[in-house]
Amino acid sequence: AQRVTQPEKLLSVFKGAPVELKCNYSYSGSPELFWYVQYSRQRLQLLLRHISRESIKGFTADLNKGETSFHLKKPFAQEEDSAMYYCALKSNTGKLIFGQGTTLQVKP
Amino acid sequence: GAGVSQSPSNKVTEKGKDVELRCDPISGHTALYWYRQSLGQGLEFLIYFQGNSAPDKSGLPSDRFSAERTGGSVSTLTIQRTQQEDSAVYLCASSLGPPGQGENEQFFGPGTRLTVL
Chain A
1 AQRVTQPEKL
11 LSVFKGAPVE
21 LKCNYSYSGS
31 PELFWYVQYS
41 RQRLQLLLRH
51 ISRESIKGFT
61 ADLNKGETSF
71 HLKKPFAQEE
81 DSAMYYCALK
91 SNTGKLIFGQ
101 GTTLQVKP
Chain B
109 GAGVSQSPSN
119 KVTEKGKDVE
129 LRCDPISGHT
139 ALYWYRQSLG
149 QGLEFLIYFQ
159 GNSAPDKSGL
169 PSDRFSAERT
179 GGSVSTLTIQ
189 RTQQEDSAVY
199 LCASSLGPPG
209 QGENEQFFGP
219 GTRLTVL
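Heads up: the sequence lines are chains A and B, in that order. Mapping of the first sequence onto our numbering: residues 1 to 108, in sequence order. Mapping of the second sequence onto our numbering: residues 109 to 225, in sequence order.
Simulated from the structure, these hints should not be mistaken for laboratory data. Backbone N, C-alpha and C fix where the C-beta goes; we use that ideal spot for every residue, glycine too. Each hint should be verified, as a subset may be incorrect.
[What the hints assert, rightly or not] Derived contacts from chain B toward chain A, CB cut-off under 8 angstroms, selection only:
| no. | residue |
| --- | --- |
| 1 | G150 |
| 2 | L151 |
| 3 | F173 |
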């Protein structure tokens with residue numbers, strides 16, 4: 001079965017603290033994974049994809065096939081990072097399978 | 109240029125009524141997707157259109173849900189005999205080409221918040 005699991009509904013950290021949003025997936029084959037973000041009153045948008053191996057707004061995510069994980073990390077959280085984060089897997093038919101989302105709350 | 113637009117932004121209806129939700133994709137985008145965002149359920153895929161191909165309807169939760177895409181552009185999601193559990197935000201997304209070709213990013217609309225009383 002193709003599945004994405006985000007175990008934390010809410011992650012609350014203080015500004016400047018490191019952040020790790022967890023994502024685990026289930027997929028047979030070579031997975032293609034993404035992180036999407038939805039800031040308050042804004043539309044859902046792509047944050048980063050594992051293929052690009054990029055760092056966006058200080059966030060990085062490494063695909064670990066052994067652990068079937070794609071955790072999102074940032075060394076120093078900022079208040080403007082507060083948002084809902086969704087991990088997504090591209091299925092073998094191309095549609096995106098999303099996790100349940102994690103709300104990141106960065107406190108001042 | 110304009111992004112994906114959806115209308116209405118909010119819809120309140122009574123149980124048992126039919127509703128139609130509209131999506132205008134980005135001009136030139138051949139792929140169009142509908143998702144449902146429910147509290148505690150995350151984002152759930154509903155249906156996907158690609159060009160003139162038969163749509164992938166595998167995510168539609170019941171036969172009360174249907175969608176069409178006219179002229180390869182605008183799409184309408186119809187929910188018949190709405191139920192309270194249909195209350196959610198319905199999101200539309202479009203991408204330049206088929207998802208299997210390259211890194212076709214999906215661009216999302218603002219959503220339609222449906223409330224069934």
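The hints, checked one at a time:
1. Given hint, G150/B at the interface with chain A, holds; its Cβ is 4 angstroms from that chain's nearest Cβ, closer than 8 angstroms.
2. Evaluation of the L151/B hint against chain A yields a held restraint, the C-beta minimum of about 4 angstroms falling below 8 angstroms.
3. Hint status for F173/B relative to chain A: violated, with the closest Cβ pair at about 16 angstroms, above 8 angstroms.
Hint 3 from the list above is the single one not met by this structure.
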